[in-house]
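**Student:** In case you want the letters, here they are:
Number of protein chains: 2
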Amino acid sequence: MDKITIAVDTMGGDNGCEYIMQGISEALGKFDDINVLVTGNKEELSLLITKYNIDNSRINIIHADEVITCHDAPVDAIRKKKNSSLVLALNEVKEGRAQACISSGNSGAILAGGQFIVGRAKGVKRTPLAPLIPTKTSSSLLIDCGANVDAKPENLVQFAKMGSIYMENIEGVKNPRVGIINIGTEDEKGNALVKATIPLLHECKDINFVGSIESREIPNDVADVLVCEAFVGNVLLKFYEGVGKMFLGEVKGTLKKSIKTKLGAALIYKDLKKCFKRFMADDKGGAPLLGLKGLVVKIHGNSKNREVSSALEQCRTFIIHDVNKKIIQAFENGEA
Amino acid sequence: MDKITIAVDTMGGDNGCEYIMQGISEALGKFDDINVLVTGNKEELSLLITKYNIDNSRINIIHADEVITCHDAPVDAIRKKKNSSLVLALNEVKEGRAQACISSGNSGAILAGGQFIVGRAKGVKRTPLAPLIPTKTSSSLLIDCGANVDAKPENLVQFAKMGSIYMENIEGVKNPRVGIINIGTEDEKGNALVKATIPLLHECKDINFVGSIESREIPNDVADVLVCEAFVGNVLLKFYEGVGKMFLGEVKGTLKKSIKTKLGAALIYKDLKKCFKRFMADDKGGAPLLGLKGLVVKIHGNSKNREVSSALEQCRTFIIHDVNKKIIQAFENGEA
Numbered sequence: 221m222d223k224i225t226i227a228v229d230t231m232g233g234d235n236g237c238e239y240i241m242q243g244i245s246e247a248l249g250k251f252d253d254i255n256v257l258v259t260g261n262k263e264e265l266s267l268l269i270t271k272y273n274i275d276n277s278r279i280n281i282i283h284a285d286e287v288i289t290c291h292d293a294p295v296d297a298i299r300k301k302k303n304s305s306l307v308l309a310l311n312e313v314k315e316g317r318a319q320a321c322i323s324s325g326n327s328g329a330i331l332a333g334g335q336f337i338v339g340r341a342k343g344v345k346r347t348p349l350a351p352l353i354p355t356k357t358s359s360s361l362l363i364d365c366g367a368n369v370d371a372k373p374e375n376l377v378q379f380a381k382m383g384s385i386y387m388e389n390i391e392g393v394k395n396p397r398v399g400i401i402n403i404g405t406e407d408e409k410g411n412a413l414v415k416a417t418i419p420l421l422h423e424c425k426d427i428n429f430v431g432s433i434e435s436r437e438i439p440n441d442v443a444d445v446l447v448c449e450a451f452v453g454n455v456l457l458k459f460y461e462g463v464g465k466m467f468l469g470e471v472k473g474t475l476k477k478s479i480k481t482k483l484g485a486a487l488i489y490k491d492l493k494k495c496f497k498r499f500m501a502d503d504k505g506g507a508p509l510l511g512l513k514g515l516v517v518k519i520h521g522n523s524k525n526r527e528v529s530s531a532l533e534q535c536r537t538f539i540i541h542d543v544n545k546k547i548i549q550a551f552e553n554g555e556a
Numbered sequence: 221m222d223k224i225t226i227a228v229d230t231m232g233g234d235n236g237c238e239y240i241m242q243g244i245s246e247a248l249g250k251f252d253d254i255n256v257l258v259t260g261n262k263e264e265l266s267l268l269i270t271k272y273n274i275d276n277s278r279i280n281i282i283h284a285d286e287v288i289t290c291h292d293a294p295v296d297a298i299r300k301k302k303n304s305s306l307v308l309a310l311n312e313v314k315e316g317r318a319q320a321c322i323s324s325g326n327s328g329a330i331l332a333g334g335q336f337i338v339g340r341a342k343g344v345k346r347t348p349l350a351p352l353i354p355t356k357t358s359s360s361l362l363i364d365c366g367a368n369v370d371a372k373p374e375n376l377v378q379f380a381k382m383g384s385i386y387m388e389n390i391e392g393v394k395n396p397r398v399g400i401i402n403i404g405t406e407d408e409k410g411n412a413l414v415k416a417t418i419p420l421l422h423e424c425k426d427i428n429f430v431g432s433i434e435s436r437e438i439p440n441d442v443a444d445v446l447v448c449e450a451f452v453g454n455v456l457l458k459f460y461e462g463v464g465k466m467f468l469g470e471v472k473g474t475l476k477k478s479i480k481t482k483l484g485a486a487l488i489y490k491d492l493k494k495c496f497k498r499f500m501a502d503d504k505g506g507a508p509l510l511g512l513k514g515l516v517v518k519i520h521g522n523s524k525n526r527e528v529s530s531a532l533e534q535c536r537t538f539i540i541h542d543v544n545k546k547i548i549q550a551f552e553n554g555e556a
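Here the protein sequences come in this chain order: A and B. Position one of the first sequence corresponds to residue 221 (our numbering), numbered consecutively onward. Position one of the second sequence corresponds to residue 221 (our numbering), numbered consecutively onward.
Isolated chain A (complex conformation):
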């Protein structure tokens, strides 16, 4: 197999480009079959290449003199900021010089750019954003959490198939359990969309559909793929983040309450930190935008080296397993 080339947008995140370059250096050290194209400030990036001893033959800089910030209107920014680090990185995928792209920038712009610049793969009707969310003992793919709302039943069926292929190939889950998020466990429960989707999912022979999942069961590892419409997924994902932060803050506040609790905290802090860290998983890469002609991965705005390096590994696995080809084949043969 030819070398894998991954484009990395080094601007747009909250932490500047140094963590990103450090993550790239780590991934290149770990995998000798990947090369990287970085978009961003040439001067700055050159200095970091030297600083982190990155092999010059495995990295190329594409200079960007614009950045899409979190304040930019996504679609507008993608159209107008042609020299932004994000647009340049996505262009590399579009032109086939890279097979995947990673960005920690404006989420809406990444979603819009994925669709408008990279474009949908053959047969794919919608391109869902599908982050892994931590559960008690593992994690589940929540598909779709993007901005493309009001999906149709046929879209949800495609999400189920794409999610299933992703979990099998990237996370190594055999015969992934696919559930649909619902307000009850019986097939007759749900809104019009869910009720119309359930029989279609039962008919799919290429997925392991386990039925409706009530959201209170999500933490209990009841499914590997959680199918939902983007509005619901987006709301769930952000609520998870908000509630997690709140609980963490409350626990931290309690530990600092008195001399007694501070003493207690000293004894448990290390273990408690480890416990909470699992829920901020940065070793799973980023959220893939699936069903595009290449792979686009959105990582957090505050990503550090570890998440960048994990995302590079995620892209590499995606390409080695030829996941896009599998997705296209599923839609050619399948009912969707």
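Simulated from the structure, these hints should not be mistaken for lab results.
The list cannot tell twin chains apart, which means a pair is met if one copy fits it or any two copies do.
Think about it this way: if two alpha-carbon atoms lie no more than 30 Å apart in a straight line, the pair counts; the simulated DSS-like pairs of lysine-lysine are:
hint : residue 1 : residue 2
1    : Lys513    : Lys409
2    : Lys300    : Lys415
3    : Lys490    : Lys504
4    : Lys394    : Lys465
5    : Lys301    : Lys409
6    : Lys409    : Lys302
Bear in mind the structure is a predicted one, so any value in this text is a computation, not a measurement.
Based on these hints, arrange chain B on the given structure of chain A.
**Tutor:** Only chain B this time, still in chain A's reference frame:
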């Protein structure tokens, strides 16, 4: 004002009827302007009336020889189990012998019974279930979390008004902030339903509409009333419950991990328990089903005396403030 009569279904909960009778005894001791009608097993209830020294002139038993369990199909059960404790309690409201009804039974049956037996108040198009969810420093009314999904914009506008009236009268919040749950904060974000609802909410002069709320901000006390369609609300509510349980379990597990953490736990346990207890608030009553001809309050299946007593107080406040009349007036004068 005449005495307030509240019907209480004493069957259908997980803990039997003793906690319920204990809660009733507490509430009757606290408020001398309420009377109670209890539906359930006459023999058992008579013994508990004696045990808890309940004044016989303030309580009446209506014997029920059937119970709607959590395994019953809601609508069917309401139709067929005419002698169930829930149907009998709802009948008391329908016939005007009680102004409110409390049940810890089958949620779906309570919702269905509220609509079919008690019936909607004049002008109300949908009757939302609106629990209070705890936030960092207070709580917000999440309206609608019921089972009546696929609402229309006009329904959401009514939810906003009912929620606002409820928070002002029951929780004493002046000029309650009403937000709509959305996937972004800008007015042009959202699904078709939310986008169509936002301009209608802006037009409402009788509510304090603060715009779109992203779910990650929900814990930060950004609104007193959180308007959403029932599918979204139901999924959020149950997810909150599931995630809360998971975090609590993880923290508990960590504290038991080693001798060192057990020592630490001994020092912080009391404060940590208090911190978590706030999120299992049982002093706020139950979830009201709004917009009916009377009030129906759903309390948790595992409710103990404190939640029962709080729910009785909640019903009392609702009736004293004549909330239903205010709701009907809002819909007569208003745009909805």
